[in-house]
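A.B. asks: Just so you know, the sequences run in chain order A and B. If you use my numbering, the first sequence corresponds to residues 5 to 381, in order. If you use my numbering, the second sequence corresponds to residues 180 to 465, in order.
Just so you know, the hints here were simulated from the structure itself, not pulled from any lab data. Check the hints yourself; a few may be wrong.
To be verified - As a list, the in silico PhoX-like pairs of lysine-lysine whose alpha-carbon atoms are at most 25 Å apart:
1) A/Lys184 / A/Lys10
2) A/Lys208 / B/Lys266
3) B/Lys189 / A/Lys246
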Amino acid sequence: MAENAKLMQGNEACTMGAIAAGLQFFAGYPITPSTEIAEMCSEELPKFGGKFIQMEDEIGSIAACIGASLTGKKAMTATSGPGFSLMQESIGYASLCEIPVVIVNVQRMGPSTGMPTSPAQGDIMQARWGTHGDHQIIALAPGNVKECFELTFKAFAYAEAYRVPVIVLADEVISHMREKVILPDPSSYKIPMRAMPTSPAGYKPYGADPDGGVPLMAPFGQGYRWHCTGLFHDESGAPSGKAAVADKLLRRLERKIEKNAQVLEDYYAESMEDCDIAVVSFGSSAMAALSAVRRARKEGHKAGMLRLKTIWPFPDAALRRLSASAKKIIVPEMNLGQLALEVERAIHGKAEVIKLGKVTGELFHPDEIYQALKEAF
Amino acid sequence: MAEFLDYFRKERLPHIWCPGCGHGTVTGALIRAVDKLGLDKNKIVMVSGIGCSSRAVGYLDFDTLHTTHGRALAFATGVKHAKPSLKVIVMTGDGDCTAIGGNHFIHAARRNIDITTIIMNNSIYGMTSGQYSPTTPHGMLGTTAPYGNVEQEFDVCELAKASGASYVARATSFHVTLLTDLIEKALMNKGFSVVEALTQCPTYFGRKNKIGGPVELLNWIKDRTVNAKAAAALPPEKLAGKLLIGELHRAERPEYCASYAETTARVQRTYNDYKGGNRGCELNSD
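So here's chain A without its partners, still in its complex pose:
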């Protein structure tokens, strides 16, 4: 295994995870702090026949990825806050039309141009609700460089399995940080594949179990001749303005993710079993949080750490289960309390939720979280 150990950057690990998952198409537009992903894709993809393109903007980038995905290829784009905002309309398109696509969003300080090279975690809600209308989305947050690889790989698995846009919600620190990573043996990769129909006869592009079923996806150019539209559509793909068709479609899309929430939940928990105070965090904030929790434990305080890897769908059940003994929950995050809102909703008054928001463009210091723990005890 030693030969697979590498010192690498988060963005590099993310690209390698995508390639391991079978990435064949990347379209992007330069933006700090995600640009290394585009640079690496431009270098690596041609080596094995994959396609790279630098589009004229982020709107075009996500659109090109969706177009490529419709031909049966695994497609990804990478961006940061301002570019992520520009992609929202077509993320909604991919959601309604059920096109697998992976979007890496390396969060930086916003709103607006903000502080382009400073870390933040302010896109939690944009990842969930950035596009208009009810829709479902999956968002995964890596907490270290190795997870940049693992969760990007997983993002493809989910995108293909559920035909949904999947967002890798990294942040400037995770993506630019370098760590030693031991990559899995390539022969162990189980390449994610979408379910495809076997014959055009009687093919219904949107025919699926109304209770969250995933329709079979025919690649363009293979004789299925189907219609893909961002208008509400019936099982045949035909646009429809009928109330019953719209209702059935939107509810199926909702159920598709909702009923798999348990499968999708992913987290790292430490010392949560008997904790009086839990720290719930994600991404680079959780690195500082874990250090603070361990220090508190060493001093005899019953502190626990829950780091979320799956942000959306929000792991309500896991949070409630794991923090059953907690009287207080501290939520350190580099925004003014977006994750805390979800924790509050999910915990439903069973514990006091303490917001610990930081918007200086700086990473948390473990002492800051340790102090919050001390005050809470």
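With the hints as your guide, set chain B onto chain A.
C.D. replies: Below, chain B without anything else, positioned relative to chain A:
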């Protein structure tokens, strides 16, 4: 020709266009051109954006992609780049292509990517009921130009040419034989091809500007044009305010997908021992 309706999803008809609309005529010309060239139905992908023009693809029996407003060419770029063996045709309108989608239009042309773009230019936003567009002539009326259009209009073909398209032509829904012929040539060109089809919107453009019904509006469009070949022999005063129709531009330029394939081949000669983790992607896959 094969049965005309064989190219349509008959169960999706009738279409939503207004009586007297020119978009059906343009769609018909496209189908005739596709038929004449004997293109494989299963290898054609039709892409559109949003607007009256963009509803055309929903009625056609190909793989069809009805996308977001203005983005048809960006989606189409993804389809073509991912699978260059597909014939990619974009159906768009003046607002979709030259206003909200203007950036994608000029960059698709700059790349000279092998996509055929049919622009149905009725000089108005029909779907949203008659607002002025980038091709509404100066001084003419729209629901957002109640005192006459203050702005200057685009010459779509000049824009395509300046941006790098390798085939540029214009016809109208009056000159159907010419239009069909130009679309056929555009489909044969390996590169970014643009055919602008001036079409009539009697419901909004014609009515708002008191031009009359569909026939009067067609005549009005016809009178705005001069054949490009005939134009050479005409004095300047006869050409003032006129739009040229016919084949307007051809250029030999490297096509994007071909250039990418060349680069890929060169890279692979260097890295033919590539041991990356990607097993989902065949070497040189199309």
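A.B. asks: Evaluate each hint against the coordinates.
C.D. replies: Against the structure, the hints:
1. A/Lys184 / A/Lys10: holds, 5 Å
2. A/Lys208 / B/Lys266: Given that 25 Å is the threshold and the Cα spacing comes to 23 Å, the pair holds.
3. B/Lys189 / A/Lys246: At roughly 20 Å apart (the allowed maximum being 25 Å), lysine 246 of chain A and lysine 189 of chain B satisfy the hint.
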